[in-house]
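Undergrad: Below, each chain spelled out in residue letters.
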Amino acid sequence: MVQALSTGKIISHFGGRVSLDATATDMPCVKVAPTDLVELCYYLRDNTAYKFNFMADICGVDFHPKTPRFQLVYHLYSIPFNWRIRIKCTLSDPPIAPTITTVWTTANWHEREAYDMYGILFEGHPDLRRIYMWQEFEGFPMRKDFPLRGFKDEYNPFGADPDSKGASE
Amino acid sequence: MTDVTVVEEIKTEGGLSREVLMNLGPQHPSTHGVLRLLLQMDGEIVERIEPHIGLLHRGTEKLAEHFTYTQIFPLTDRLDYLCPPSNNLGYALAVEALLGIEAPERAQYIRVIMAELSRISGHLLITGALPLDVGAMTSLLYTMRDREMVMDLMEMISGVRMHTSYCRVGGIREDLPDGCGERIIEFCDIFSVRISDYEKLLLNNRIFLARVENIGNITGEDAIALGLSGPNLRASGVDWDIRRDAPYEIYDKLEFDVIVRKDGDCYDRWKCRLDEMRESVRMIRQCVQQMPTGPVLIDDPKIAFPVDKDLLSRSMETHIHHFELAAFGFKVPAGEVYTAIEAPKGELGYYIISDGSEKPFRFKVRAPSFVNLQCLTERTTNVRYLADVIAMLGSLDPVMAEVDK
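First to last, the sequence lines map onto chains Y and R. Quick note: the first sequence uses my numbering, first residue 1, plus one each step. Quick note: the second sequence uses my numbering, first residue 1001, plus one each step.
Please keep in mind that the hints were generated in silico from the structure rather than gathered at the bench. Please read these numbers as outputs of a predicted model, since none were measured by experiment. Check each hint, because a few of them may be wrong.
Unchecked claim - Examples of chain Y residues toward chain R, derived with CB under 10 Å: (1) D57; (2) T106; (3) N108; (4) Y132; (5) M133; (6) D145; (7) L148; (8) K152.
Unchecked claim - Taking lysine-lysine pairs in the DSS-like style, the calculated list, with each CA pair at most 25 Å apart, reads: (9) Y:K144 to R:K1262; (10) Y:K88 to Y:K66; (11) R:K1262 to Y:K51; (12) R:K1062 to Y:K144.
Claimed, not checked - Simulated DEER-style distance windows between Cβ atoms: (13) R:L1311 to Y:T23: 35 to 43 Å; (14) R:R1244 to Y:T25: 40 to 48 Å; (15) R:A1210 to Y:Y42: 23 to 31 Å; (16) R:E1102 to Y:P157: 41 to 49 Å; (17) Y:T7 to R:G1356: 21 to 29 Å.
Glycine included, each C-beta is placed from N, C-alpha and C at the ideal position.
If we strip away everything but chain R, and leave its shape as in the complex, we get:
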């Protein structure tokens, strides 16, 4: 642990105390980004954890107040950079709710496919990274290999691997390329076998289990009070999934199980994600089978670019609309909306206040990682030793870009 440095020894009235303040991070690999933890230690025992965040603060919300509604999509990509399509989706839903429109059905299916693919991509990283943090290095190499397949699909669908900006208000940027459905199903076939491989690799690994089982237990009641959401909350036995309880897009047409576990320890949070990937694969398969044909962007020249690009050279009116939309954006009726979706990390909420102009008056992101990370500071989480902090942090799966906004 090269980056763990002793900051100071705490002096008490009777001389030096046994307690020391230690810095963990911000450049330590197990902090999953730039997180600085100040630990008050009594020997190996952690007395107090104080996270210092903000090293990656970019002022997303302030920037968004100066951007048009379409320009904000790339900003949302950079929140949880492991799953940009999911962030896009939440934001698009919020703006669409303000406008009172809905994306065409095919677009909704494609958005859900992308969101679930990105969930797999996000969960895969932590499935491998948590074991890596606690000493089982091999698993990360396997999960990253498989994550590459998801990245390839993302690239095939949207043209880029990471910051896809694939959603648009009123639909998606372009339709799936030819043969994409087969590629997705092929991925599902390969990947369902691979999940079993990870289980074989890790579920009987006594060293891994010793480091995560019964570490960092959070009871359901505490988890709710701490505002945990997503897999972190479900691991503590709270049966709540926004995809099922307040279905958005076409989630109500899909069959899936909500994974709930009991103990709320690091192992459960990890296992919850592993099992959720299976459900995601199930959902993706259903989407590809059910997906109708049709447009992928609404036919409203004030909000979306024309689907038929040839119209631009033929119709003067289309040309004017295109210019206005590209140069000034579209106006959104005054009002406010809070939209929450089940992002891979938990409840991702967008609260937008519109004053009727092309730019939001207030743009607030309820970032799940930000809230999840907070529970490190609480003593209720049963973290005792320094080594447990690493396991706890890994199992919470924070993405620092999202924490710092």
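Isolated chain Y (complex conformation):
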């Protein structure tokens, strides 16, 4: 490792639009609004001082019943500099985020997964469909208000009763 990544320059380049999240201890972490996400991604990928060319992961998070409810967590890696960075993007309900498939093609399936599991819509995604669940499936299984056993229906006699709200078990 050449030296540790300093987020100071990134934050000053974006003025007040990118802020540091000091709670993360394992790697530098910045917060950004959905409107500035794509610009930040392009900046981190193309700036020769960072070269974050590898998009490792996109993770949806549901903070139900807190608001704002949803969050997207991006993990980037810079192969030339051996740095990692985490980007957090908080979304309200209904969650809509810009797609970053234009920046990294690999984001395609990650975003489909986040849509499938959390119902997060990605504007501009070329093919936003469910990826794990079947197309006719209703609901978003990873949301905190979706019961672990699923909802009771024809195929799932042991599921939670759809009428009782907040059935967690």
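Starting from the structure of chain Y, add chain R where the hints point.
TA: Then chain R, alone, in the frame of chain Y:
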């Protein structure tokens, strides 16, 4: 190809087009599990590939949110079922990072031995299965014979062949049995000769080479944009190995070479794995030689069961801790962590958000096979004929259990 069925012929305005939609799988042997590929074909030429995944989706991440941290180990086993110790290791490292603890040194060595053995087990399967997919059946019989030796070692060390659940937060379940070091070295001696046998069997096999050489080339730049990792990325000439660049456990004390190849075709991806097995053998030998004696589980009654089992019948305090740990698990401080390890298939990442309770608030697996498989959809991968799809799929080495989570 009994399971390849024509789904529909595509109608155009001027009547029927030459293009047809074809189903490959989900029960076809060359899909390595339950993968359904929808192929848009123009005669023998593949115009578009659309993978349909999720047939094996078990909701690992959702389940994990309802399990205690120790109960999650068996779930990680079932991701990449060819190399469970490696999945365990990544998860254990993530939880340990949240707790701010480290496993004892001996445990780290044993974990690395297990991870490298499992790498051999995973790579052996594909070393034999890719040639099988393209018509050279014999090799699989040889590699499966040798994989059995790895399975025997796994059974000797952990008690089971496949789903070992051998790691624990703060160490491993139990120490190596007597005489295990000698058995491992014996395996290394036999196996290094066997790798040369596979080379003799396949490297001069013109039929095999014709099916994999210059098929499915991916350039380094494309491979990075597609998020490929592990041997699939290194075959395209990108020199990145987490074991060397961000060493975890005791990898920084081991000497090994990172195998990098240039062309990024099916052959290179296959050869990369073959050569990596040699490096794994090298690492295992070093581990067995360097391994210190000592405890294999941290001495913290809040997190780990007591090493001395007799204490349970003598000390009331130990008994209470044991009960609490078994019944409720341990609390993990609030925070978040992303830990990536070099799993046999590529970068295996665990992202855990903890809210301070005994169960993770969010448990995300960055499954390398899931990302690797995606590159089938891209035209940049130079897959032209139906037969190339099979070679391409085999060389990417996806494990469907990991793809579907």
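Undergrad: Next, verify each hint and record whether it holds.
TA: Now the hints, each set against the structure:
Annotation: Y:D57 was flagged as interfacial toward chain R, and the flag holds, the nearest CB pair being 4 Å apart, inside 10 Å. Hint on Y:T106 holds. Least Cβ distance to chain R is approximately 3 Å, under the 10 Å limit. The criterion of a C-beta within 10 Å of any C-beta in chain R is met by Y:N108, whose closest approach is roughly 7 Å, and the hint holds. A distance limit of 10 Å between C-beta atoms decides the matter here; for Y:Y132 the minimum to chain R is near 4 Å, and the interface restraint holds.
Below 10 Å, beta-carbon pairs count as interface contacts, and Y:M133 has one with chain R at about 6 Å; its hint therefore holds. Given the 10 Å rule on beta carbons, the hint for Y:D145 is violated: about 12 Å separates it from the nearest Cβ of chain R. Given the 10 Å rule on beta carbons, the hint for Y:L148 holds: about 5 Å separates it from the nearest Cβ of chain R. Residue-level restraint check for Y:K152 is violated (minimum Cβ-Cβ distance to chain R is 17 Å; threshold 10 Å).
As the CA atoms of Y:K144 and R:K1262 are separated by approximately 46 Å, the hinted pair breaks the 25 Å bound. Proposed proximity of Y:K88 and Y:K66 is supported: the alpha carbons are some 16 Å apart, at most 25 Å. Distance check on the hinted pair: R:K1262 and Y:K51 sit about 22 Å apart at the alpha-carbon level, within 25 Å; holds. As the CA atoms of R:K1062 and Y:K144 are separated by approximately 9 Å, the hinted pair is consistent with the 25 Å bound.
At roughly 38 Å, the beta-carbon separation of R:L1311 and Y:T23 lies within the given 35 to 43 Å, and the hint holds. Restraint check, R:R1244 to Y:T25: a C-beta distance of roughly 24 Å breaks the suggested window 40 to 48 Å. Our hint of 23 to 31 Å for R:A1210 and Y:Y42 is violated, since their Cβ atoms are close to 42 Å apart. The given range of 41 to 49 Å is respected by R:E1102 and Y:P157, whose C-beta atoms sit roughly 47 Å from each other.
Distance hint for Y:T7 and R:G1356: a CB-CB separation of about 26 Å, consistent with the stated range 21 to 29 Å.
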